[in-house]
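Asker: Given the structure of chain A, go ahead and fit chain B onto it with the hints provided.
Just so you know, the sequences run in chain order A and B.
With our numbering, you'll find the first sequence wraps up at 552, consecutive numbering, no jumps.
With our numbering, you'll find the second sequence wraps up at 552, consecutive numbering, no jumps.
Note that these hints are calculated values from the structure, not bench results.
Each hint should be verified, as a subset may be incorrect.
Heads up, the list lumps identical chains together, so a pair's fine if it works in one copy or across two of them.
Claimed, not checked - Keeping only pairs whose Cα atoms sit at most 25 Å apart, straight-line, the calculated SDA-like set for lysine to any residue is:
id, residue 1, residue 2
1, Lys393, Ser59
2, Lys110, His162
3, Lys361, Glu486
4, Lys372, Arg388
5, Lys372, Arg401
6, Lys16, Leu330
7, Lys98, Ile129
8, Lys393, Phe348
9, Lys493, Asn51
10, Lys321, Asn409
11, Lys242, Arg252
12, Lys110, Thr522
13, Lys520, Tyr243
14, Lys498, Val386
15, Lys110, Glu302
16, Lys321, Met375
17, Lys407, Cys288
18, Lys159, Ala9
19, Lys16, Pro535
20, Lys520, Glu326
21, Lys393, Pro367
Number of protein chains: 2
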Amino acid sequence: MSISPLQKARYAYEPKLPKILQSDIGNVAIKEGPATQSVADQEKVKALFPNTYGMKEISFVNAPSSAKACRQVVGVILSGGQAPGGHNVITGLYDALKKADGANVLLGFKGGPSGLIEDSYVEFTDEIIDRYRNTGGFDIIGSGRTKLETVEQFEVVEKVAHSHGLTAIVIIGGDDSNTNAAVLAEYFAAKKSGIQVIGCPKTIDGDLKNDVIETSFGFDTAAKTYSELIGNIERDAASARKYWHFIKVMGRSASHIALECALECQPNICLIGEEVEAKGQSLMDIVCHISDVVAARSAAGENFGVAIIPEGLIEFIPEIKVLIGELNDLLAVHADEFGRLEDFIEQFDFVLAHLSANSAKVFAFLPEDIQKQLMMDRDPHGNVQVSRIETEKLLITMVTRMLKERKANGQFRGSFNAMGHFFGYEGRCAFPSNFDADYCYSLGYNAYLLIANGLTGYMSVITGLGKGPASWQAGGMPITCMMNIERRHGEYKPVIRKALVELEGKPFTYFSSQREKWEKETCYTFPGAIQYYGPEEVCDITTRTLALEKGE
Amino acid sequence: MSISPLQKARYAYEPKLPKILQSDIGNVAIKEGPATQSVADQEKVKALFPNTYGMKEISFVNAPSSAKACRQVVGVILSGGQAPGGHNVITGLYDALKKADGANVLLGFKGGPSGLIEDSYVEFTDEIIDRYRNTGGFDIIGSGRTKLETVEQFEVVEKVAHSHGLTAIVIIGGDDSNTNAAVLAEYFAAKKSGIQVIGCPKTIDGDLKNDVIETSFGFDTAAKTYSELIGNIERDAASARKYWHFIKVMGRSASHIALECALECQPNICLIGEEVEAKGQSLMDIVCHISDVVAARSAAGENFGVAIIPEGLIEFIPEIKVLIGELNDLLAVHADEFGRLEDFIEQFDFVLAHLSANSAKVFAFLPEDIQKQLMMDRDPHGNVQVSRIETEKLLITMVTRMLKERKANGQFRGSFNAMGHFFGYEGRCAFPSNFDADYCYSLGYNAYLLIANGLTGYMSVITGLGKGPASWQAGGMPITCMMNIERRHGEYKPVIRKALVELEGKPFTYFSSQREKWEKETCYTFPGAIQYYGPEEVCDITTRTLALEKGE
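If we strip away everything but chain A, and leave its shape as in the complex, we get:
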């Protein structure tokens, strides 16, 4: 068996385009909107992007195109973590290129941004493209985390691009990669190199979102895959009636995925990092709250439950955030010395001696496993690897401790048996849902139209996602308009502002209006596996987050 029955069937799926893009390419024309401004720090951002700042918002309408006929040679890269639908961005881009002119060429640069520097590429053909239609993963050309940000890198990219006669580069990535796309676009514009740069909004985390980008691709499929599993575990918990399940879900920093899973599954508890930070809740506050819920359910005869924990939670807890910051600095400054320590006890003593008094107290209080994880190797930026910290086990250990104390005091009479889970890699490469398959194909197809119309420094934008694809609108937005200035790794830089969960937003507001009921009662809902076929209301639904945000 070389391909699965579902993969075979998915090859035949025809992604739905917005009506406006279904016309002949010659009948899709650009319509200019108002000039744009960055979301903050306008003067500073403008100064950094003299050639690409303040460009106009654009949309596509059905009218004779004014795009000049020109053979296109486009390069595309996949950047950063996998997200379902990446292959469809490429197939949409390819189909539009070939529909416009059979002589157009699409080159895929391999292994992420480094492929552009190392000139490692493949020229796409029908035969290659057809093997990846509507499939998950980024394996068509691979991905990578190299950041394109220095002038030296840009010079190499320019050389490589010219050697292939590239007219444009499409960067499929998250907020950082799109920030870099904007900087590269500015570089090419300043040098009048004739190479355009277009970005596409990717990330399962859902934190590349703003007034124009209604959602990043991959969020829909990944959140639904995690929700499938959480729903199954909820049903298991309600059947066996003897376990609590603490489920950590991916989503680097923002808690969008956790919140979406909560909206889909109605668990007893879902922690939201942004709320923890806003309310300044300490680790003990959180542990105390969970223990209260466990105790209340237990008193009602329900010695089981499900709690969703966002991967990024730990960095939102004030005293842990401080601790992690100190540890990052400490391990960077004393890397050699620390590296020579023989065992955990020596490392523990060393760290304790170098932390501030308060952080030392916090660190000493944590379970040993978590202490070890906090001292593990940093990522290339010197940050702790959050996904490797078993927050779900930390909370289980501490809630167990607290309930044991309460039991000793006669304040708790129930039982508490908990299991931890972590869902991340399970959802990043699933077959894209119909929504993501359609959305991504449209983003790629639309990216071609932005190129054909001579635009650069734009993000491919598809809007109106709350309803079906036929009514979606297509257009482009200057990336600079999503930027502000932030301090990153010690420097002030122009970056796309990350979208965290808004505590005033509709998804969180709805959640917080329901959660007390969900804590006490057992209101689980079971979304089941993503369906690609069947009734529309099952296979074509989008996320609850998007539905609530779009007021449906």
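Answerer: For chain B alone, coordinates are given in the frame of chain A:
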């Protein structure tokens, strides 16, 4: 949102019955086959089941029924771990009962076998039943692990049964529960109590399987759910090209689930417990083999891979099996003394001092986490809780160790970064696949016909599963014919023989013919999420195991 769109849609699904069962109930007649014998120890089993041994195999044919008209009051229980489709056994049984006579009654006893003892029950109505059609979980009445095996228990059950006027009890469970069903049937038959007992073959583990039971229900859905996730992780591994994923899958003892997942996903490595035992492979043999595969792939530029590890593996490794046996005895005999020990170091020293020389060596060599897990609380039978032992982490730690040594010797130049996963609870309560929905509904419907025809001590049997439901055959098989005598917890007992993976069987033979290729090359297949709708070849396929066993 109280129920999900998929659950709503699944309510409308009409499970497919075998053609023979689609007729009017009055036109389904019993056909007797040959008398049966137990699979081994015939004289001993016969002596223990004087009233129910040697009964005839039966099948159903379309002919006027000779069943006597009689109002039925049936009790049903769900026993042991959850398996997708349990609700459909109950709905099939209910529908058949009501179709035969609107006055028939179905009582669901709650929380597993203990419900029969505590007389905790619910009388099913259309309203209740309709909320559970084609759904996962056992939450309709809950499940439990109490074993019905003593005469005292049987006496209570008899009293409860008579108080409700029960004519039959249907026990939905695995090999142990069905063994107990046979003993209960014999007890009732000996006492001429007029209460029949029928079993239904449940377990995701797939180890309740023999010449007549082609598969236990739940295996199909659970294995497909795990395969969905494994396929997604494979695609992630092939996209990121930098991680090895070690994935442990549930399935208490037999490796059927691991093997099925391997057949569906074609990973680089899949360990099979039964083979490890047959070949007497030591832990170091296994670690060495995995290290070889990692090194060979790395030399070919592929610093990534996926390995599937059956939950029960650890008990198949000869020296670990001996160690666990010694630990079980030791912790049973010295429970109090061990319980008073203060910390890990005291426990470690205590255990080391009491183990045989060889087991002490094995124990000392294991990583500390695994040592702790091996000393954790036993299950109610005094056995180590295998699912709590992180075999995937054990192997990661030991392979890392070995490759580090090889690197120091210049024998390995690649990189090895591994992550562990465990899939179990994610699959036990999924919405049953179409196969399991149809199979379970048929098992329940068929159970009624066995009852109506006055049979007891029979298992509900549906065969011909390699093809579609229309051609399935229906009938019953005396449970005693699946039995032999085994030593369990120190006593010789009649039990249903557990079906382990047969190393001469077609599924394993196919796997072993392919695995060298899968080790070296990257031949991943991506099954994707279970589909309940769409092309037949996607939504109505059964497991690869069943397809290979049935020669298709």
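Asker: Of the numbered hints stated earlier in the document, which are not met by this structure?
Answerer: The structure conflicts with hints 1, 3, 6, 10, 18, 20, although it agrees with all the remaining ones.
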